[in-house]
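Student: Construct all of the structure, not just a fragment, from the sequences and the given hints.
These are the residues of each chain, in order.
Number of protein chains: 2
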Amino acid sequence: MKKTYLAILFMTLFVSQVCLAQANQPAIAEDFKPSTLNQPGQIYPQVNSQGYVRFRVLAPQAQSVSVSLGLGGKGGTILSKMEDGTWMGTTEGSMDEGFHYYHLRVDGGVFNDPGTLNFYGSTRWESGIEIPAHDMDFYALKDVPHGNIQQILFPSKSTNTSRRAFVYTPPRYDKAVKERYPVLYLQHGWGEDETAWSNQGHANLIMDNMIAEGKIKPFIIVMTYGMTNDTKIGGLRNFDILPFQTVLVDELIPYVDANFRTIADQPHRAMAGLSMGGMETHLITLNRPDVFSYYALLSGGTYKPEEIKDKSKVKLVFISCGSRENPDRVKNAVIELNNVGFNAVSYVSENTAHEFLTWRRSLLELAPLLFK
Amino acid sequence: MKKTYLAILFMTLFVSQVCLAQANQPAIAEDFKPSTLNQPGQIYPQVNSQGYVRFRVLAPQAQSVSVSLGLGGKGGTILSKMEDGTWMGTTEGSMDEGFHYYHLRVDGGVFNDPGTLNFYGSTRWESGIEIPAHDMDFYALKDVPHGNIQQILFPSKSTNTSRRAFVYTPPRYDKAVKERYPVLYLQHGWGEDETAWSNQGHANLIMDNMIAEGKIKPFIIVMTYGMTNDTKIGGLRNFDILPFQTVLVDELIPYVDANFRTIADQPHRAMAGLSMGGMETHLITLNRPDVFSYYALLSGGTYKPEEIKDKSKVKLVFISCGSRENPDRVKNAVIELNNVGFNAVSYVSENTAHEFLTWRRSLLELAPLLFK
Chain B
0 MKKTYLAILF MTLFVSQVCL AQANQPAIAE DFKPSTLNQP GQIYPQVNSQ
50 GYVRFRVLAP QAQSVSVSLG LGGKGGTILS KMEDGTWMGT TEGSMDEGFH
100 YYHLRVDGGV FNDPGTLNFY GSTRWESGIE IPAHDMDFYA LKDVPHGNIQ
150 QILFPSKSTN TSRRAFVYTP PRYDKAVKER YPVLYLQHGW GEDETAWSNQ
200 GHANLIMDNM IAEGKIKPFI IVMTYGMTND TKIGGLRNFD ILPFQTVLVD
250 ELIPYVDANF RTIADQPHRA MAGLSMGGME THLITLNRPD VFSYYALLSG
300 GTYKPEEIKD KSKVKLVFIS CGSRENPDRV KNAVIELNNV GFNAVSYVSE
350 NTAHEFLTWR RSLLELAPLL FK
Chain F
0 MKKTYLAILF MTLFVSQVCL AQANQPAIAE DFKPSTLNQP GQIYPQVNSQ
50 GYVRFRVLAP QAQSVSVSLG LGGKGGTILS KMEDGTWMGT TEGSMDEGFH
100 YYHLRVDGGV FNDPGTLNFY GSTRWESGIE IPAHDMDFYA LKDVPHGNIQ
150 QILFPSKSTN TSRRAFVYTP PRYDKAVKER YPVLYLQHGW GEDETAWSNQ
200 GHANLIMDNM IAEGKIKPFI IVMTYGMTND TKIGGLRNFD ILPFQTVLVD
250 ELIPYVDANF RTIADQPHRA MAGLSMGGME THLITLNRPD VFSYYALLSG
300 GTYKPEEIKD KSKVKLVFIS CGSRENPDRV KNAVIELNNV GFNAVSYVSE
350 NTAHEFLTWR RSLLELAPLL FK
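Chains B and F, in that order, are what the protein sequence lines are. Residue numbers for the first sequence, in numbering that gives the first Met the number 0: 0 to 371. Residue numbers for the second sequence, in numbering that gives the first Met the number 0: 0 to 371.
In case anyone wonders, no lab produced these hints; they're calculated from the structure. One or more hints might be untrue.
A pair holds if it fits inside one copy or across any two, identical chains being indistinguishable in the list.
[Said to hold, decoys possible] Straight-line C-alpha distance at most 30 Å; calculated DSBU-like pairs for lysine-lysine:
(1) 308 to 330
(2) 214 to 156
(3) 371 to 174
(4) 32 to 156
(5) 177 to 216
(6) 214 to 314
(7) 141 to 156
(8) 216 to 174
(9) 156 to 216
(10) 371 to 310
(11) 330 to 312
(12) 174 to 310
(13) 32 to 303
(14) 174 to 156
(15) 80 to 312
(16) 308 to 214
(17) 141 to 330
(18) 330 to 216
Tutor: In structure tokens form, the structure reads like this:
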């Protein structure tokens, strides 16, 4: 009897749990639309108003197709074969708002989704999807004056090649030929490259919109490859900042100052980076306090007050992350900096993780604080 | 006896044919190297000194993997499964020098090769491979002063959006603030977009190298999307040039003239296009003889003398193609134009087809003839 009672109790609990779980799952809204990052004419993947993503991939003779995107810890989304030879599936829940990288696994091989545009992350061009964010207006393409993004190839003696960087020049830069501008050096994260901040980050559109609304004074942004993706033995554990510091400080900055109308001094130069780019920002700003006066780490660690030798040289320390990262660490670091008299500001992006919506929003918060 | 004799004869012929075929195939040189267009760290695909391409793709549970690249008419290259779960194969012969698009077919689905960079062609981002050309020096990245490629977003009332274009500004453009420059409007082909001429074509490097060698006077190049990829019913057969002509002539050109230091008149404006972009160049130059004075069609048709109303307005007609296209048609068209007094020049790229090496070389030939 006891056993039976326990069995019934267990079954009851189990069944009620299942019911609860189902009751907690909202019905999937059948209002899926093609992702805004799809290749021209492609109708899949699609996103619904709840942030679910639905995939469809043609591979009639495949044995298995899955997608790396899905709820945390569940290893992605497994697609099912349809009668027409396509494989379909929907994420088990809502994805966070903003941009996500993903890829397909087809019969054990890793491929990109032929439906979407590719973005450089994880040291490869990955598929990308965008879950419309409630605040997406700030990085939208609008009918406002637009700045340009220039690809430059600058000589680098230390690496014996011409290296690529992208330079955002604000609207009217080409006309206002007597004006000079401060510069933000803005770094991508590990696995990414110098294309990330404009492709995934929309840094140019964020700037254009803020300038159009009069929220900031125009400045230049320079984005180059942070040399963080060395996958040889040792990898990031043995990462040596000096080669990149040389490229950035001794080669790129003089080139930019010689070829663009910059205000070429420390008070008008900022450095910021996301993730690994934050680590680079941290190291380089401390090594070369004569070069930058504004420091910003986006999901990229913190500064301890004792690390900064000359407080008078630092105009701002900005530290941010997503609420799903470690916001307390960010807030506490800023409190410590404030306590000893630094102009330090923290920002936590609500309901985002270690992803690009965190960093788009961080740029939105950071830009008005620069070059005051 | 007769039957046996015939059987032996047949077998002899068959065997000798097989031997002949094998004798005609040169031994494949085992000096394969990773393609220059591979993603960082990827060792496949590889190219050997004879222009053979070897592929390797991981897909352990796949039933079939093939590659669209291969000798004409053979439908590509079929890969074989190796013991380690990869699929490998080598093209049956040498590929033409230069750039080629391709894709994989995995179990009936079309995917890109995860080993290579992607390039926009066939209205999708495709895999790309580069067969080193004997004359590749002219589009190589060298230690010379480099111009920039700027992404601009220009307002377009006729299409109710901000449209993207890329603007090549020559070295020293930012410093020579009193200098003004002629402009070449340069169009991609069907299936491609405004990224093609810099990504696949290396237009910027071709210009940088020619300027460094003093072969040409610097000019600006503007590349925008030719709106040629409408895949709706009718497609190209019903292609109407007017929407793009409006964007180009009435919206983009005034924007470029207002925002860059151009010489904003007809004698200092050229239009060129490859393939479908040649068709657009043909139509727009004839419709608007007041706008351009240099016309160039690269694998993109010809002009008949009687089409051009006012000979005095045309400074140059340049017509080119690859030797594997229809070179006689190109040469004859130019002879006809010369016969009635046009300054017309033909160019045939040796041992190339309807592909980017033809167009890189065409730009190399065209540029010194412009803006004299």
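Student: Using 30 Å as the alpha-carbon threshold, which applies to residue 371 and residue 174: within, between, both, or neither?
Tutor: Close inside one copy (23 Å) and across copies (28 Å); limit 30 Å.
Student: Taking 30 Å as the upper bound on the Cα-Cα distance, should residue 177 and residue 216 be classified as within, between, both, or neither?
Tutor: Answer is both; intra-copy 16 Å and inter-copy 26 Å each pass.
Student: Taking 30 Å as the upper bound on the Cα-Cα distance, should residue 330 and residue 312 be classified as within, between, both, or neither?
Tutor: within (22 Å within a copy, 68 Å between copies)
Student: Are the CA atoms of residue 371 and residue 310 at most 30 Å apart within a copy, between copies, both, or neither?
Tutor: within (17 Å within a copy, 59 Å between copies)
Student: Indicate which option fits the pair residue 214, residue 156 if close means a Cα-Cα distance not exceeding 30 Å: within, between, both or neither.
Tutor: The answer is between: 26 Å across copies meets 30 Å, while 39 Å in one copy does not.
Student: At most 30 Å between C-alpha atoms: does residue 80 with residue 312 qualify within a copy, between copies, both, or neither?
Tutor: The answer is neither: 61 Å in one copy and 62 Å across copies each exceed 30 Å.
Student: Checking residue 308 and residue 330: alpha-carbon separation at most 30 Å within a copy, between copies, both or neither?
Tutor: Only inside one copy: residue 308 and residue 330 sit 22 Å apart there, 72 Å across copies, limit 30 Å.
Student: If the cut is 30 Å between Cα atoms, do residue 330 and residue 216 qualify within a copy, between copies, both or neither?
Tutor: Intra 27 Å, inter 56 Å, cutoff 30 Å: intra-copy only.
Student: Is it within, between, both, or neither for residue 174 and residue 310, if the alpha carbons may be no more than 30 Å apart?
Tutor: neither (38 Å within a copy, 36 Å between copies)
Student: Up to 30 Å between alpha-carbons, please classify residue 214 paired with residue 314: within, between, both or neither.
Tutor: within (19 Å within a copy, 49 Å between copies)
Student: When no copy is named, should residue 141 and residue 156 be tagged within, between, both, or neither for a Cα gap of at most 30 Å?
Tutor: So residue 141 and residue 156 pass the 30 Å test across copies only (13 Å; inside, 40 Å).
Student: At 30 Å max between alpha carbons, let me know whether residue 32 reaches residue 303 within a copy, between copies, both or neither.
Tutor: neither (46 Å within a copy, 48 Å between copies)
Going through the hint list in order, the structure does not satisfy hints 12, 13, 15, 16 and 17.
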